[in-house]
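Colleague: What follows is each chain in one-letter form.
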Amino acid sequence: MVEVILKNVTKKFEEVVAVDNVSFKVREGEILTLLGPSGCGKSTTLRTIAGFYFPDSGKIYFGEKDITNMPPQKRNAAMVFQNYALWPHMSVKDNVTYGLKLRKVGREEQHRRAFDSLKMVQMEKFMDRMPLKLSGGQQQRVAVARCLVVNPDVLLMDEPLSNLDAKLRIETRRDIRDLVKELDLTAIYVTHDQEEALSISDYIVIMDQGRIRQTGKPREIWEHPENAFVGTFIGEANLLEFSVKSTQDGTGLLEIVKTNRILKTTFIKELEIGKKARVVLRPDKFEVDITEDPNANQLPGRVRAIMYHGTFERLTVRLTDGSDVVVYRTETEVPIKVRQNVYLRVKPEHVLAFGPTAY
Amino acid sequence: MASFTARKYLKMVKAEFDPLSLFLLLSVLAFFILFLVIPVVTILITAFIIDGQFSFKFFVDVFKNPIYFELDIGSFIFISSFGLVIFFASRLVGTIKNKGFDFVSLLIPSCYTIVTIIIVLLFSDALTSVPQCIFGIILALLFLGIGIIVNKSIKHELDHFFLNTALKPTLTLLVGIPVVTFLFVILLAASSQLLQIYDSFDLELITFISMIGAIIVGIISSFLYSQQFSKDLLSSSFLKPFFWLFFTCIILMTPFLFSNYDFIVEGWRINFFNKVPDPQYGYILIFAGIEASVLVNTIFVAIATTFISAILGIFFAFVIARYEFFGKSLIRAVLLFPLVVPPFVGAIGIKRMLAHPQGYSFFNRLFYDAIPILQFPIILKGLTAVILVQSVHFYTLIYLNSLSAFQNIDPTLEESSENLGASGSKLFRSITFPLALPGIAAGSILTFILSVEDLGTPLIFSGDVEIQNLLTTKVFTLWQDQLGTLQGDGLALAVILFVIAMTGFAFIRKYVGIREYAMVSKGGVFNPRTRKISIIPTLLIMVSVVLLMSFALLPHIGSFFLSVSDNFTWDVTNSKHLFPTSISFKLLSPDIGDLIRVISIPTLWILGWLILYFLYRLLKNYVKLPDPNVNPKTAYSFLIIAFLLPVVISIILSEISRIFIPPLEPIKDGLNLGIGNLTTEIVGQIGEITNLEFLAAIKEVGGFSNIISRTSMYAFIAMILIILLGVAAAYILARKEFPGKFAFDTLVTSPIAIPGIIVGFGLFIYYIPALVGLLGREYQVEEIIPGFYLVHFLLIASFTVRRFPFTVRAAYAGLQQTHVTFEEASTNLGASNLHTILRITIPLIAISVIAGAMISFVYALGEVSTSLILLGSEAQATIPWMINEKNSDPLPHEGILGVNEAAALGVLLILLQVIIISIANSILKRRGSALTGI
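Quick note, the sequences are listed as chains C and B, same order. For the first sequence, the numbering used here gives the first residue as 3, with consecutive numbering after it. For the second sequence, the numbering used here gives the first residue as 207, with consecutive numbering after it.
Think of the hints as simulated: they come from the structure by calculation, not from any bench. Quick caveat, the model's predicted, so the values are computed rather than measured. Misleading hints may appear alongside valid ones.
As the list claims (entries may be wrong) - Here are the simulated BS3-like cross-link-like pairs (lysine-lysine), alpha carbons at most 25 Å apart as the crow flies: (1) C:K14 <-> B:K220; (2) C:K76 <-> B:K220; (3) C:K61 <-> B:K214.
Only chain C is shown next, with the shape it has when bound in the complex (with noise of 0.2 Å):
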């Protein structure tokens, strides 16, 4: 169990950036999840810690030690692979005992420790199964199990969860953080889901194109997004475009692109004034108003379609300036209908606005 440090990392596959100056820290058992689209660098992270890329600059510890150049033989950060990469020639057990092997361990300390190992995944009874013969879930378990036994200072995992239907990836991402922090290890997990990742690490990295977008704990990330794009990564997010009418240290008037509504925000990140602002609202921080109150914070539209989806309504609703915006409605008494025209409150603290250096 380590501290993981990465300083200025950049890795370019050829003219592609593909890492790009990337730092963070990972405090001992602490598990990290890099987040983000496809394509935004993060397993090229993962990689690069493990081993399988250098960097082209920058530099990697765990805790004191300086690994950026250490083959990964000799890392000891093991990693789960996506396609969970059990050995199709060897049974469970040799693929559990293989680290062990190479540790130089004695027969009946394997033998054990192997147990050990796959007992805490709950696969001791398949030791002498091969791989192929198992689930999907089940090699998922062995997986982790190889990566268990041999001690890692470090434990990386890669989409592990991605080849498994959508309730076992439930299940198995709280087995998995309940058995890192049993063993009080320090992880690096890479995920492209945003709900996996909030449920599973004490902090995320949101990574797009080679950069981080932002660094925070889950609730930080939810709450105050740094940027639009984290704001509309995360959840389902309206992206509007208003105009800065003016700010005031920590509020600020937005005004609607050719219309003269003017919204409040007490949250604000680099606004300029006269300058255009993304602002991201989400679909839950809405009040459907059927009238009009001057004084509330409210965006006039029109709604177009309604889906119900159980515990809420889903509204589809076009304000005056033709943008569409998406509206969980919870408390459905007043019945609305198509073509009605509504009033959408928000409060000004989930006015989530973004200035141009903070896209």
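Assemble the complex: chain C is given as a structure, and chain B must be docked to it using the hints.
Modeller: Using the frame of chain C, we list chain B on its own:
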């Protein structure tokens, strides 16, 4: 700048390569540079150097010498149409590959036709001198240039215009132009005969009529390129007129087949059907093909072989790929049989079956004597015989490649076409054929190359003068005449041979790189479309397949007969039998000691293979096989058929001939069908030693068992080297990215195309002096260790180099199917690179490597050209060398003719190869095209 680039390059290499893979790369490179690049380059360079001066003299000599090359009208038309075919083929494949259409291919053919017409019209009389030829070529290039410029300037419109209809005119021309050119030459000959203008027939006339042909083609093609015509004319029935024309011509020409007709245009003797008077029969009809200069002959043979092979191969492949019918697995197995038999073994057989030099062939005995259908005996000789032998062997290359191609077409592509309303031939032409074309093209080009570089087949027929006029035989004869050196003409011809083969290889590289091969082989994810068919189509298919197949198996049946009977030879007095009447099964009950001696070594190899194979079968459950649908049944049926069929056929035929066919009176003097007077013959044979003594023959010579074990041993050593270096090369190719990878890839796969005689010459010329200098003069003739001569060292090197691509292909495919994360997971847990390769990579790809190595081994056993060039005496001989030696030995030894011994050795070779190939094939299964090395 240079140092900067070098440093950058070094940095890249350093980043990509760990010490181990760098070592692997360097060792492969070192081997190839030592044993391929240096020898071949030496030959190429020597051909340009006279007295230390750079010179083209050798080439000028070759092109001035009418034996090698003569630019007469016939050759000119022929070469023109050949160029056109190559051009169209490449454009066509390129078109399909790029999914778009390169418009340049539209006007260039028209220009080409026009240029040909103009050149022939204007310069036909004068084209025999070099400066005028050069002028003509410059003119042609000028026209091409104009065509390209015109096209470039209106590219956009043209592109838009022809995008959808371009494929078909190209196809039409591909088929149409050579057919038409060919037709007109033949038509001309026929009409001259018909109109009794034989004497007055002159150059102007042939030019004129050829022109009309070419003009018609030009007009048709230009019509095809205009929109209104392309829409109507290019619908399904367009090709029909060509075929009608062709068949009409054949019908018109039939009378001439039986008239004496020999017709010469400036050295271009067109005597496909040459009826010559014969004192014994009255007349004999000789099929000899053309007789022109060396270069034209060579290209003619290659084109004809490719054409016939393509027809056979595509037909079989389509039937096998698309239909389900009774007996399919059987047919599948038999179809592969010719692949494993070296053509020159088959040549021995076909010579007796169809091409007996005096007309005493099986075919004539059957259809002239026994069942008198023919008016005259027919003799196949010259280029026709070579074409026939090569075609019935090399069709397997096209068959396997097309089969893979057909089977790897995603069925949804065809289904969506059907869904939109296409069916039958429309479906085949618009979807299936274009998608399969890269595979077909690759197989065809390979056939072309192998036909050009084939030395064994022409050597078997080397009694005919036309065959001495082929590139390989010419070079080989010059080599022998000059006592093991190569000078002047020989060098220049070798270089020309090399250039022809490498041009073909460049085409293959362009269309089927090693990467795409792997892509093609990933076909396991869907079930190929096969259709169950009802009884009548099944019968039709069976009949046609069986007919074609029995034609394709003629050489092998012939070889088998020859190997089991000494009264089935081309010795005149012994050739009177229709079937071998004295089959000896001493083969099955020989002296135990001999048997053990003769077959022990090969048996050990085979046993070794079988043990390895079954070990892997055992592991199969959890080893990820290259193809999960491995079906050993085919392999076994193949094996059984391959061994038993010829035996059964010969027994049955002999028995039938004894029982059912009544004795025939001699029809002509001195001829007896051989199935008459059986009793006396059998009685007679008991007294004499006329039985075939297959093993006895081997025993007499004494050295055969040594030869067999020597060949297998050297092939085996080569195979071990191939495995070591091949896995290394495949690993580098599959797992590393570095600048120069394409060149490396090309280098390790090029031996498939480099003619064997050139590798042989190169090794001999370069290394013998060096090694003799190093070891001492006496080793030039003496053994180094008992049984091992200096040349054997080079022989093993040549085996290794020449058969390398087969293993690399197989290993590469294995690596492609093994995800790289398996290896990463291992290094991640702390394993060194070497440990990872040994414990993870090699076990996972072992089965592919073994299959590939088996193929390499088998082909090394049958390696003709380097054996013939490197080896000098019986004490050094390999099986192919001995077969050639025995075959050219006219004198009988202890009552057994050399040809029978040659055939016996040939059958032994087949025996070894069939077993190994059938195992390899059952492993590779759907990736059967790996057997062809591309």
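Colleague: For every hint, state whether the structure bears it out.
Modeller: Checked hints:
1. At most 25 Å may separate the alpha-carbon atoms for a hinted pair to count; K14 (chain C) and K220 (chain B) meet this at roughly 15 Å.
2. At roughly 19 Å between alpha-carbon atoms, K76 (chain C) and K220 (chain B) fall within 25 Å of each other, so this suggested pair holds.
3. A threshold of 25 Å between alpha carbons decides the hint, and for K61 (chain C) with K214 (chain B) the separation of about 22 Å falls inside it, so the pair holds.
Comparing the model with each numbered hint stated earlier shows that all of them hold.
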